[in-house]
Amino acid sequence: MLRKVTLIAAALVLVAGPAFASGKAEEPPKINFSFEGPFGTFDQAQLQRGYKVYREVCSACHSMNLLAFRNLGDRGGPFYDEKYSPKHGKTSNDNPYVKAIALDAQIADIDSETGDPIKRPGMPADHFPAPFPNAAAARASNGGALPPDLSLIAKAREGGPEYVVGIMRGYVTPPAGLKVPVGQHYNNHFPGSVSAGWDEKKQGHAPEGGFIAMAPPLKDGLVTFDDGKPSTVAQQSEDVAAFLMWAAEPKLEERKQMGAAVLVFLLIFSGLLYASYRRVWRNESH
Amino acid sequence: MSGHSTYQPKSGFSRWMDARLPVGRLVWDSFVDYPTPRNLNYWWTFGGILSLCLGVQIITGIVLAMHYTPSADHAFNSVEHIMRDVNYGWLIRYVHANGASMFFIAVYLHMLRGLYYGSYKAPREVLWILGCVIYGLMMATAFMGYVLPWGQMSFHGAVVITNLLGAFPVVGETITTLLWGGFAVDEPTLKRFFSLHYLLPFMIAGVVVLHVWALHVVGQNNPTGVDPKSKADTLPFTPYATVKDGFAMSVFLILFAIFVFYMPNALGHADNYIPANPLVTPAHIVPEWYFLPFYAILRAVPDKLMGVLAMFGAIGCLFALPWLDTSKVKSMRYRPQAQLYFVIFLVVCMVLGFCGAKLPADPVIPGLWSPKVFDAELNSFVWLSRFATLYYFAYFLVVMPVLGLTEKPRAVPETISSPVLGDADKKD
Amino acid sequence: MRRGNPYSRHGLLKKGVTHTNRSCHGTSTGRRDQKRGDLLAPPVYIPRANLQAAYPSLARHFEGDLQVADPAANAAHTGEDDPSRRDFIHIAAITAAAVGAGAVAWPFIAQMNPAADTLALASVEYDLSKIESGLQVTINWRGKPLFIRNRTPEQIAAAVADDGKGMPDPQADADRHKEGKANWLILIGSCTHLGCVPTVGGGEYGGWFCPCHGSVYDTSGRIRSGPAPKNLVVPEYAFLSDTKVKIG
Chain Y
0 MLRKVTLIAA
10 ALVLVAGPAF
20 ASGKAEEPPK
30 INFSFEGPFG
40 TFDQAQLQRG
50 YKVYREVCSA
60 CHSMNLLAFR
70 NLGDRGGPFY
80 DEKYSPKHGK
90 TSNDNPYVKA
100 IALDAQIADI
110 DSETGDPIKR
120 PGMPADHFPA
130 PFPNAAAARA
140 SNGGALPPDL
150 SLIAKAREGG
160 PEYVVGIMRG
170 YVTPPAGLKV
180 PVGQHYNNHF
190 PGSVSAGWDE
200 KKQGHAPEGG
210 FIAMAPPLKD
220 GLVTFDDGKP
230 STVAQQSEDV
240 AAFLMWAAEP
250 KLEERKQMGA
260 AVLVFLLIFS
270 GLLYASYRRV
280 WRNESH
Chain U
0 MSGHSTYQPK
10 SGFSRWMDAR
20 LPVGRLVWDS
30 FVDYPTPRNL
40 NYWWTFGGIL
50 SLCLGVQIIT
60 GIVLAMHYTP
70 SADHAFNSVE
80 HIMRDVNYGW
90 LIRYVHANGA
100 SMFFIAVYLH
110 MLRGLYYGSY
120 KAPREVLWIL
130 GCVIYGLMMA
140 TAFMGYVLPW
150 GQMSFHGAVV
160 ITNLLGAFPV
170 VGETITTLLW
180 GGFAVDEPTL
190 KRFFSLHYLL
200 PFMIAGVVVL
210 HVWALHVVGQ
220 NNPTGVDPKS
230 KADTLPFTPY
240 ATVKDGFAMS
250 VFLILFAIFV
260 FYMPNALGHA
270 DNYIPANPLV
280 TPAHIVPEWY
290 FLPFYAILRA
300 VPDKLMGVLA
310 MFGAIGCLFA
320 LPWLDTSKVK
330 SMRYRPQAQL
340 YFVIFLVVCM
350 VLGFCGAKLP
360 ADPVIPGLWS
370 PKVFDAELNS
380 FVWLSRFATL
390 YYFAYFLVVM
400 PVLGLTEKPR
410 AVPETISSPV
420 LGDADKKD
Chain C
0 MRRGNPYSRH
10 GLLKKGVTHT
20 NRSCHGTSTG
30 RRDQKRGDLL
40 APPVYIPRAN
50 LQAAYPSLAR
60 HFEGDLQVAD
70 PAANAAHTGE
80 DDPSRRDFIH
90 IAAITAAAVG
100 AGAVAWPFIA
110 QMNPAADTLA
120 LASVEYDLSK
130 IESGLQVTIN
140 WRGKPLFIRN
150 RTPEQIAAAV
160 ADDGKGMPDP
170 QADADRHKEG
180 KANWLILIGS
190 CTHLGCVPTV
200 GGGEYGGWFC
210 PCHGSVYDTS
220 GRIRSGPAPK
230 NLVVPEYAFL
240 SDTKVKIG
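Residue numbers (numbering that gives the first Met the number 0), protein chains in the order written: chain Y, 0 to 285; chain U, 0 to 427; chain C, 0 to 247.
Watch out, some of these pointers could steer you wrong.
Chain Y stretches covered by chain U per the calculated footprint, using a threshold of three residues with CB under 8 Å from any CB of chain U [what the hints assert, rightly or not]:
id : stretch
1  : 142–155
2  : 242–256
3  : 261–268
4  : 272–281
The calculated lysine-lysine pairs, modelled on DSSO-like cross-linking and capped at a C-alpha distance of 27 Å, are [stated by the list, open to error]:
id : chain 1 : residue 1 : chain 2 : residue 2
5  : Y       : 29        : Y       : 154
6  : C       : 243       : Y       : 82
7  : Y       : 98        : C       : 143
Source of the hints: derived by calculation from the structure; they are not laboratory data. Computed from a predicted structure; not experimentally measured. Glycine is no exception: its CB is placed at the ideal position from the N, C-alpha and C atoms.
Turn these sequences into a full structure, and let the hints steer you where they fit.
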């Protein structure tokens, strides 16, 4: 009886957990990313396409301060090459793609002789350069809105990478009667409120979604994919979402692989302990 | 435990030590030859599991402190440094964060066992109170620990909880300013929370020592509630309880591993991956799941001070429990009416936890019309919390005292062995 | 185990059993029913004769003394019933625990090794074209000063000429630079005495002079006089091109 109740209670708790309601927005689309599930891994080609989308489109306004160029060559990353891994006595700092990408970037630094601020080519140890030197400059260039740093965005939003895809696809035509404020855009996946442009008393139930300050960033054909994949908004949004998930959780593959080994060990170990327990207790009733 | 020690030091060294500092004898008497009731079920393995959790949290915590920076400017990034750059940092961080949740799962099951089997009743009152002290220290430690990553939820959760103390008249504002070290939650608050978060687990360890000492003086309770009367009722702790506890810990670790490796952020909140911004309040400020029932009780009461008192009172009821329960029968196994109230109490705690995560004004059943009573519609989470809070307090303050006097319990066995060794010929 | 109690208070225990009186509810918690001393008294041991009568099914446990629940006593009679540690399953379980403990211990030790961002700065590449002949540049490498000196032909010649001379730490100049790149001398700028940074050009050889305790190094960075025991350390480095060197 007690056991049954406890199980029901446990089930209730699990149901309650994810039920945090945010602003009314469309549910994020269900996409089967390669990294989902207990044996998920990142699709390196997808990560490369996603990095290209970030680099060519998003990095104009969004920083990614927690990522360094050398991370691109880490295990599970877009440019990982086993030749440049600790297995062969090298690190991602030696990866030629990583070095080339780093050299492309201009990093703010100080001239060691004169002390003046300069820009120099990057090296693998440098972090991705931010488009704006500080938050105030970022707001000034974006109509007062601050483009969030994207290093953790896939973990910082309910729905994770699916949320990102939803936002990218959510720039639909606003429903009739919705007044979109100047400088804002209607997005039916953005968990906000449309009350600034909709009067519920006169017009009835408000449409889902909210007003987002970011203009639709993606367009068909905006980024050419080197592997020939069709560059649709849907494809770009999925690829950039996968890349952002890698950026937020670069150890995902290692974590899941270690998890498999740990669980196998624990299951065997529990079995051994149970057998040991039965052997110890075999003559004693309890 | 009364009775003389059976320790026989064998080697020259152990005899030498025994004459100077009898640690070996203490270990032998407490964990090897210690007489343990033979009928303990798996609900009794949570003590060992909790010790494992405390050890895990202390070790992972000390290691994390080697890489963490307790400064408002660097705390968030230092945690990400741990996750990305420190060797196995991601593993140690996820173990520590999920370990806190596992610690609370185990402690709640441990406390529920105590409630059901009457483990708080004489002569175990001090044991129970020490346990409540440990629980209180755990809550303080967990609260301060959650502030350390300095995410949005860390910061604003700290703001809400420290502001609660301002509810007390006269001294409230002085206390909050003292706690903050400033005019709001900021750098000084973070630094002192880090220092105290490092300190408190060692105090918990100390109280755990007292808790185990108090336990060994009176002996374990057991599912019948009848204390051991002869050696037929007990078995030596090693290997019987040791191997059973070991098995239970291993199963517990399976659950722990599933969270750490496959759902490491399921028990957390996405908003804590956003760096703290004092000027932007999250849409939903929610504490960690193990605080949700108390959060619901706090918000159920419309007055700020009374809400704080109700929240602390809910924990205070636990301290008073040995004197609130009038039943002469310890174990609810023989108290069918008490079982019913206990089950309702369990459900009520779940309901309170569920309500704590919701917006108070949101409807419980969407779309259902209900009249507005006082400050909110009846079909709202705040009213559900109120009814649940009412039962929570009634359980301790009304049911426990009254039921012991009015119920008709089943007959209790004379000894532990009588219901057990009755089918002694049937092998385990 | 059964729920409830199939044995009533009157069922099992026979008369004559020495037993503390209990109340109708049969527990030891009724404060009204017991003297306080009873709570602290050791459990009452039912004499063996009465136990046998009380629990006939326990007969097999009652050989020998009242060591009912002591498995070691059973072992003396039944041998293989002893839950001996020598059983294979116990050894297997303990071994698995040891393996698990070792596997768990490894990350805690490994986390103290340099983190990835520290390792990323373990190597530095430097463009040598900026250093004119006769001049030295000092850069920060792995937290220590690093000298990169472009030696003049006179300085090289003076260093080679001294190769056979007596010195505290004899070493040929050719062993302290890369083949064909005699002008580039790369040294860790930390005096081998107690770690001060030597000044370039000082001392009678025109090499380095350490102001802290007067150690004098020649143009090859070798210690010639003063308290330092060893020559200035040459780190691991490689030329990526004629003008680019990677140190570390």
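Verification of the supplied hints:
1. Coverage of the stretch 142–155 of chain Y by chain U holds in this model, with 5 residues showing a Cβ closer than 8 Å to a Cβ of that chain against a need of three.
2. Interface restraint, the stretch 242–256 of chain Y with chain U: holds (6 residues with C-beta to C-beta distance below 8 Å; minimum three).
3. Under a criterion of three residues with beta carbons nearer than 8 Å to beta carbons of chain U, the stated coverage of the stretch 261–268 of chain Y is upheld, 5 such residues being counted.
4. Figure legend: the stretch 272–281 of chain Y, annotated as covered by chain U; annotation consistent (8 residues with Cβ-Cβ distances under 8 Å, at least 3 required).
5. Taking the CA atoms of residue 29(Y) and residue 154(Y), the gap is near 16 Å; set against the 27 Å cutoff, the hint holds.
6. Under the criterion of a C-alpha separation no larger than 27 Å, the hint pairing residue 243(C) with residue 82(Y) is consistent with the structure, at around 23 Å.
7. For the hint linking residue 98(Y) to residue 143(C), the alpha-carbon distance of about 25 Å falls within 27 Å, and the restraint holds.
In this structure, every one of the numbered hints holds.
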